[in-house]
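Asker: From first to last, the protein sequence lines are chains A and B.
First residue of the first sequence: 36, per the working numbering; consecutive thereafter.
First residue of the second sequence: 39, per the working numbering; consecutive thereafter.
Don't read these hints as lab results, they were simulated from the structure.
Just so we're clear, the structure is a prediction, and the values are computed from it rather than from any experiment.
For every residue, glycine included, the Cβ atom is placed at its ideal position computed from N, Cα and C.
Hints should not be assumed to be uniformly reliable.
Said to hold, decoys possible - Selected chain B positions facing chain A (in silico; Cβ < 7 Å):
hint, residue
1, 86
2, 153
3, 156
Stated by the list, open to error - Using C-beta positions, here's what the derived DEER-type ranges look like:
hint, chain 1, residue 1, chain 2, residue 2, range
4, A, 115, B, 81, 40 to 48 Å
5, B, 95, A, 206, 17 to 25 Å
6, A, 118, B, 124, 14 to 22 Å
7, A, 56, B, 116, 34 to 42 Å
8, B, 147, A, 69, 20 to 28 Å
9, A, 195, B, 124, 34 to 42 Å
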Amino acid sequence: MRRWIPLLVFAALAAFLYLGLYLNPKEVPSPLVGRPAPDFTLPVVGNPGATFSPADVRGEVWLLNIWAPWCSVCLEEHKHLPRMVAGRVPVYGLTWKDLDREAAPLLARNGSPYVIAVDDRDGRVAIRYGVTVTPETFVIDRDGMIRMKHVGPITPAVWQAKFEPLLGELDA
Amino acid sequence: MSRCLGLFMLILCMVPGLAVGSVPATPNADDPSLEARLNHLAEDLRCVVCQNESLAESRASLALDLREEIRGMMRAGLSDDAVVESLVARYGDFVLYRPPVKPLTYVLWGGPLAFLLLGLGLAAATLHRRRRSGPQPGIDPAALREAARLLRAEDSTVPVAPSEIVGADSGTQFQEERTSP
Numbered sequence: 036m037r038r039w040i041p042l043l044v045f046a047a048l049a050a051f052l053y054l055g056l057y058l059n060p061k062e063v064p065s066p067l068v069g070r071p072a073p074d075f076t077l078p079v080v081g082n083p084g085a086t087f088s089p090a091d092v093r094g095e096v097w098l099l100n101i102w103a104p105w106c107s108v109c110l111e112e113h114k115h116l117p118r119m120v121a122g123r124v125p126v127y128g129l130t131w132k133d134l135d136r137e138a139a140p141l142l143a144r145n146g147s148p149y150v151i152a153v154d155d156r157d158g159r160v161a162i163r164y165g166v167t168v169t170p171e172t173f174v175i176d177r178d179g180m181i182r183m184k185h186v187g188p189i190t191p192a193v194w195q196a197k198f199e200p201l202l203g204e205l206d207a
Numbered sequence: 039m040s041r042c043l044g045l046f047m048l049i050l051c052m053v054p055g056l057a058v059g060s061v062p063a064t065p066n067a068d069d070p071s072l073e074a075r076l077n078h079l080a081e082d083l084r085c086v087v088c089q090n091e092s093l094a095e096s097r098a099s100l101a102l103d104l105r106e107e108i109r110g111m112m113r114a115g116l117s118d119d120a121v122v123e124s125l126v127a128r129y130g131d132f133v134l135y136r137p138p139v140k141p142l143t144y145v146l147w148g149g150p151l152a153f154l155l156l157g158l159g160l161a162a163a164t165l166h167r168r169r170r171s172g173p174q175p176g177i178d179p180a181a182l183r184e185a186a187r188l189l190r191a192e193d194s195t196v197p198v199a200p201s202e203i204v205g206a207d208s209g210t211q212f213q214e215e216r217t218s219p
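Work out the full structure: start from the sequences and follow the hints.
Answerer: Laid out in structure tokens, this is it:
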């Protein structure tokens, strides 16, 4: 028995390292979950005279999707987002650092998955939301509280596993 | 070597998403003391995009933005602790390069010490067991003398017949050795 101990220790170490291969280091737990969504007032993409603020959608369950025109994964996500959401919740877009002002023509050309996209050109609001990569999606409840943060694109599997149950719980 | 590394970093920063065509945060030449404070603080903060760099080292766009954000907070008169606190509120403890000691991180901080103690314990147990399990090989001169005496005594009482020894050469050698003293 004793001589198997080194092998067992090695096997345990190998198992941990193997599992570690499948962890996503980008998936950093957000301290914002369970806290009020940070407030902001930003100009609307394609309509700079208008502004949007989370206070405007108080009493609704909504999604805030952080994207950028230079982020190819976000553009891919745009194609599938409307079909997954299927009008169940309004999706608002926060356009992160659109320095080349590509967002408005791009959304007009491809069709926008958002009710409204706002323009966070200097990225200050994204910092308030603790954004590290695009896309990121926040689920915000009727009281303006952040209930979930998803890092990375929403795939149909992710939508079913993470979003559907939470939206059901939030009665959206 | 360092040039090679620098080039590698440069290439890494060209990966979209890690670096964006951005306006670099304006260096604050007019307030060197604030800049020194910022750099000191940024050493202990993590660049949340390039996860293994500190905020002070990183040239990633988000790191520049975060430094600008910290400058803004410092100009607004926030203390270093308040700045760190507000960053932790958004990014979590992950933004700290030196994780705080709290129940969640006890294993992290205590792990190395636990392994050290475990190793010392195992070493002590092994040494203790060895000491107890009989005499060490070839140590005690008294025991050696005793063994020699016993061998001689055996010699005289049980003579080995030459026929019992395999090989004539070694047999004669053996006998010579044994009869010489």
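Asker: Now tell me if each hint is right for this structure.
Answerer: Against the structure, the hints:
1. 86: Nearest chain A Cβ about 4 Å off; hint holds.
2. 153: violated (12 Å)
3. 156: violated (11 Å)
4. A:115 <-> B:81: 40 to 48 Å: holds (42 Å)
5. B:95 <-> A:206: 17 to 25 Å: This hint is violated: roughly 47 Å between Cβ atoms.
6. A:118 <-> B:124: 14 to 22 Å: Since the Cβ atoms of residue 118 of chain A and residue 124 of chain B sit about 38 Å apart, the hinted range of 14 to 22 Å is violated.
7. A:56 <-> B:116: 34 to 42 Å: Given range 34 to 42 Å: holds, Cβ gap about 40 Å.
8. B:147 <-> A:69: 20 to 28 Å: The hinted range 20 to 28 Å holds for residue 147 of chain B and residue 69 of chain A, with Cβ atoms some 26 Å apart.
9. A:195 <-> B:124: 34 to 42 Å: Once the Cβ atoms are compared, 36 Å apart, the range 34 to 42 Å for residue 124 of chain B and residue 195 of chain A holds.
When held up to the earlier numbered hints, the structure conflicts with 2, 3, 5 and 6 and fits the remainder.
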